[in-house]
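Chain by chain, the residues:
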Amino acid sequence: MLDIAVMIVAVMLCIALVLNLWRLVIGPHVIDRILALDTMYINSIALILLYGIYNKSPLYFEAALLIAMLGFVSSVAFAKYLLRGDIIE
Amino acid sequence: MSMIDRLFPMPLHSILLLIVWLMLNSTLSLGHIILGSLLAFFIPLLCAPLKMAQPKIKKPLKVIPYVLLVLKDIVVANIEVAILVIGPLKRIKPGFVAVPLDIHDTFPITILASTVTMTPGTVSSDVSSDNKWLYVHVLDMPDNEQEVIDLIKNRYESRVKEIFGC
Amino acid sequence: MSFYAELIISLLLILGGVFVLVGSIGLLRLQDLYVRLHAPTKATTLGLGGILTGCMLYMFYVEGFLGVNELLITLFLVITAPVTAYILAKAAMHNRVRMMERTRNKHHIETARSQLPPSDDNKDSE
Numbered sequence: 000m001l002d003i004a005v006m007i008v009a010v011m012l013c014i015a016l017v018l019n020l021w022r023l024v025i026g027p028h029v030i031d032r033i034l035a036l037d038t039m040y041i042n043s044i045a046l047i048l049l050y051g052i053y054n055k056s057p058l059y060f061e062a063a064l065l066i067a068m069l070g071f072v073s074s075v076a077f078a079k080y081l082l083r084g085d086i087i088e
Numbered sequence: 000m001s002m003i004d005r006l007f008p009m010p011l012h013s014i015l016l017l018i019v020w021l022m023l024n025s026t027l028s029l030g031h032i033i034l035g036s037l038l039a040f041f042i043p044l045l046c047a048p049l050k051m052a053q054p055k056i057k058k059p060l061k062v063i064p065y066v067l068l069v070l071k072d073i074v075v076a077n078i079e080v081a082i083l084v085i086g087p088l089k090r091i092k093p094g095f096v097a098v099p100l101d102i103h104d105t106f107p108i109t110i111l112a113s114t115v116t117m118t119p120g121t122v123s124s125d126v127s128s129d130n131k132w133l134y135v136h137v138l139d140m141p142d143n144e145q146e147v148i149d150l151i152k153n154r155y156e157s158r159v160k161e162i163f164g165c
Numbered sequence: 000m001s002f003y004a005e006l007i008i009s010l011l012l013i014l015g016g017v018f019v020l021v022g023s024i025g026l027l028r029l030q031d032l033y034v035r036l037h038a039p040t041k042a043t044t045l046g047l048g049g050i051l052t053g054c055m056l057y058m059f060y061v062e063g064f065l066g067v068n069e070l071l072i073t074l075f076l077v078i079t080a081p082v083t084a085y086i087l088a089k090a091a092m093h094n095r096v097r098m099m100e101r102t103r104n105k106h107h108i109e110t111a112r113s114q115l116p117p118s119d120d121n122k123d124s125e
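If you're matching them up, the sequences are chains A, B and C in order.
Position 87 of the first sequence, counted from 1, bears residue number 86 in numbering that gives the first Met the number 0, the numbering being contiguous throughout.
Position 54 of the second sequence, counted from 1, bears residue number 53 in numbering that gives the first Met the number 0, the numbering being contiguous throughout.
Position 99 of the third sequence, counted from 1, bears residue number 98 in numbering that gives the first Met the number 0, the numbering being contiguous throughout.
Derived by calculation from the structure, the hints in this document are not laboratory data.
Remember, predicted model here, so these are calculated numbers, not experimental data.
Ideal Cβ positions, reconstructed from N, Cα and C, are used throughout, including at glycine.
The reader is advised that the hints may include incorrect statements.
If you only want the chain C side, here are some residues facing chain B, beta carbon under 10 Å, derived [unchecked claim]:
#	residue
1	Ala42
2	Gly63
3	Val82
4	Ile108
Excised from the complex, chain A in its bound form (with noise of 0.2 Å):
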């Protein structure tokens, strides 16, 4: 039974990451493309939390852990980019 379920999030995930991407490309400003990115990031993290449970191994969690970090980091990173500009700075 695991396994079809883990199947049928992973399907779930591919449908979530496929509309990020829609909207990566659509995206009509910068920054909706950078929260898209953000959101891809997350999702992908999903996954290879998921690909753990399916090959029965924990070493990929470490991996999702640093996923997440520097999916943090290059948002704000870029987010911060935006900011600079007229008023503040």
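Based on these hints, arrange chains B and C on the given structure of chain A.
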């Protein structure tokens, strides 16, 4: 400043550092405890000059019910937002609200703003530079915007205020 | 592994997957950036929380010990999700991103982007 204060400038951070180190390695072996203790001793010494003065947590026991309340609200928030997102988009009436703040220190405001972001239909978007107003974007605004302000003030801000005792 | 443990883990995983999917649908479907910000920050956090709890229970049954790495990921995400949402909202205000016609209290944007207290004099210009 006493000797102990100079050797352990951030005692709470040191303990947290040790715990996170042991969690990252998911072990309780003697070697990692010694290495973690050394890191927990030296890193705060290096970082102490960067520390900004923050108000102390006056009532640590009140933190636990607050965290449980926020966790419950996160689950409720998600179900509400999920229904709004799946349902017809005409029902969504967004709006901005400026919430007057009673707490003026940066750390409690950070806690409050994060809580507001994680809970039903609100995202905190900016703080005025005098730390007196919090701008909040509301996903589904009731006709009377005072309801949102009262909810934030009574449900979260009063509790944060109590924890920090200011 | 017993049937009930498997059932609970499967339910948690599917619940998490549904919330992640709802968050992504919201990201695609909602009309303006400020509204879009709500869906991923909330729904994906809870969805990932569900999947992580499922992982933790699974590892508990298979390996016999409670994995703490998953706990760290959850903690990290709960701390960072509001920060990302806040800084993206701030960047959106700063860049004057277009918003929905029926957004109320639009005048708050002008004072918020220069971090001033709200002013009441332009309230009726909406």
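Tested hints:
1. Ala42: holds (6 Å)
2. Gly63: violated (13 Å)
3. Val82: Since the shortest Cβ distance to chain B is 7 Å, the answer is holds.
4. Ile108: holds (7 Å)
Consistency note: the structure conflicts with earlier hint 2 alone.
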